[in-house]
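Engineer: As given, the protein sequences belong to chains B and S, one line each in that order.
To convert, note that position 97 of the first sequence is 96 in numbering that gives the first Met the number 0; the numbers rise steadily by one, no gaps.
To convert, note that position 224 of the second sequence is 223 in numbering that gives the first Met the number 0; the numbers rise steadily by one, no gaps.
Just so you know, the hints here were simulated from the structure itself, not pulled from any lab data.
Using N, Cα and C, we set each Cβ at its ideal position, and we do this for glycine too.
Any given hint could turn out to be false.
As the list claims (entries may be wrong) - Label-pair restraints from in silico Cβ distances:
1) S:Q51 / B:A28: 35 to 41 Å
2) S:V21 / B:G27: 33 to 39 Å
3) B:P125 / S:R131: 39 to 45 Å
4) S:R73 / B:G102: 26 to 32 Å
5) S:Q51 / B:Q155: 30 to 36 Å
6) B:W9 / S:D74: 48 to 54 Å
7) B:G102 / S:E167: 28 to 34 Å
8) B:A10 / S:M37: 28 to 34 Å
9) B:Q155 / S:D74: 52 to 58 Å
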Amino acid sequence: MRAGHLVRTWAAPLLLVALHFSVRNRLGADRFAPDFLLLALLTYTIRARPGASAAAGFFVGLLGDALTPASFGAGALAHTVVGYLSSRAKTVFFADILLVNGGLFFAATWLRNFLVALASGKLSGPQLGWELLIWSPLQGLTTAITGVVILAVFRQWLSVRLGTR
Amino acid sequence: MTIGADRYATRGDTFVLLVCVVLSLVAMSLPDRVREPMASGLRRTVLWPLLQLQTQSEELRTSRARFAAVVSERDSATLASTLVGELQSENARLRRLIGLGSRLGSGFVPAEVLHQATPTDPFTVVISAGSRQGVRPLAPVVAPEGLLGIVSWADARTSVVSTWANPEFRASGIAADGSVYGIVGPHGASGPGAWLLELRGVPYGQDVRFGTLILTSGLGGVLPRGIPLGTIVALASENGWERTYLVRPSVAPGAVSHVMVLNPSRGGGGGTAGGGSDLRSSFLPDTAKPVTPAPPAEVPRRRVRPVDTTAAPDSAIPSDTVKHP
Numbered sequence: 000m001r002a003g004h005l006v007r008t009w010a011a012p013l014l015l016v017a018l019h020f021s022v023r024n025r026l027g028a029d030r031f032a033p034d035f036l037l038l039a040l041l042t043y044t045i046r047a048r049p050g051a052s053a054a055a056g057f058f059v060g061l062l063g064d065a066l067t068p069a070s071f072g073a074g075a076l077a078h079t080v081v082g083y084l085s086s087r088a089k090t091v092f093f094a095d096i097l098l099v100n101g102g103l104f105f106a107a108t109w110l111r112n113f114l115v116a117l118a119s120g121k122l123s124g125p126q127l128g129w130e131l132l133i134w135s136p137l138q139g140l141t142t143a144i145t146g147v148v149i150l151a152v153f154r155q156w157l158s159v160r161l162g163t164r
Numbered sequence: 000m001t002i003g004a005d006r007y008a009t010r011g012d013t014f015v016l017l018v019c020v021v022l023s024l025v026a027m028s029l030p031d032r033v034r035e036p037m038a039s040g041l042r043r044t045v046l047w048p049l050l051q052l053q054t055q056s057e058e059l060r061t062s063r064a065r066f067a068a069v070v071s072e073r074d075s076a077t078l079a080s081t082l083v084g085e086l087q088s089e090n091a092r093l094r095r096l097i098g099l100g101s102r103l104g105s106g107f108v109p110a111e112v113l114h115q116a117t118p119t120d121p122f123t124v125v126i127s128a129g130s131r132q133g134v135r136p137l138a139p140v141v142a143p144e145g146l147l148g149i150v151s152w153a154d155a156r157t158s159v160v161s162t163w164a165n166p167e168f169r170a171s172g173i174a175a176d177g178s179v180y181g182i183v184g185p186h187g188a189s190g191p192g193a194w195l196l197e198l199r200g201v202p203y204g205q206d207v208r209f210g211t212l213i214l215t216s217g218l219g220g221v222l223p224r225g226i227p228l229g230t231i232v233a234l235a236s237e238n239g240w241e242r243t244y245l246v247r248p249s250v251a252p253g254a255v256s257h258v259m260v261l262n263p264s265r266g267g268g269g270g271t272a273g274g275g276s277d278l279r280s281s282f283l284p285d286t287a288k289p290v291t292p293a294p295p296a297e298v299p300r301r302r303v304r305p306v307d308t309t310a311a312p313d314s315a316i317p318s319d320t321v322k323h324p
């Protein structure tokens, strides 16, 4: 039972991490290709407590920062906040409904990009506007669609329903 | 099983959140000399297998295109070998087909760009070659179209490249005809000229035509001479006796997938000022004449200079001169 719980908790996130570094570069431009690493975090937060989700977000963000040193620390901050809020939001909304999760994926992606852009201080003016109004919503959309597909595939393990309540 | 019923945040959860937020703020405030070893440590340990996976994936993605190119080159070579009398000229044509790598000959390390999902990706990128392949800090990183940036940190198998879009980037630039010197840097992150470069410090009396290609001058000893930086597209400002021009970059950091890291023997990475090889013929194969810089002080005021059409990468660029007030 314990081993089964561990597999259920970690299988989907680990698969998504692998997809991020192997498949993502074939899914179009980086600016709107789905962010599997963020999806891995959000999938983990479905079953985790807010504290653990914040810690996982910090770790995922720090790993991302190591690959984009221009915003070192900003990714960790953004993913920490997104991980915590995602875990909290799922206690407020219906965490086991597929479409609600899709909406949360979209919002989390946009919020992550907003916090990274804000905390790094690298983007401003029209560049920030384009990022928040065009590119981030597009990336949020592709990430949400991908997340919904992943949840549909792993619905038994993640306790997600395929309809609306 | 319904989830979430026991997941309301406790004081412990809030405490973990605050600790993570504080640690993130500390990470943001770290100086470069501290954060780079930390990031390098993560890339060499936790991220190493994942970066290898991404490198393999990039190679697999482009293997089909590479195969087609190799077959094309082989067919061309076979055809050329049948024409003994024209073998030399055909060989030159094939070398152009093969691309920048052949023109450079040796002294470079090929690498894939490992793009990430965050909005700040174009400022610094990670490439799949490191110190084991001979990459050193301050080595120039080029794409076939021109300069992408400079290596800011080299791990064993990966390196961090600070691109031209990074606010700290500066390069000494020179017009392709050798008439104008200036300092090239990013134009800034806001306004209509975002994602453009600018050429600063051009004397007021010197005209620069739109469409003029700007190359690295080789001054400073970091970048070798003759790497394309971009093309003059507009006059940005006039401040006293100097002008600043907007430069459309030759390379888009977000779009480039394969790059070459030049070795220090080519004049970058701590060579002598102005020394090193002239790479103009590598990037502009049709231009045989080397850059012969003219001192700015000897240039007469308001002289209209012809555009070097062989050096202009884009014929669609208007060749109007800058209008004087």
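Engineer: Tell me, which hint numbers fail for this structure?
Structural biologist: Violated hints (numbers, rising): 1, 4, 7; every other hint is consistent with the structure.
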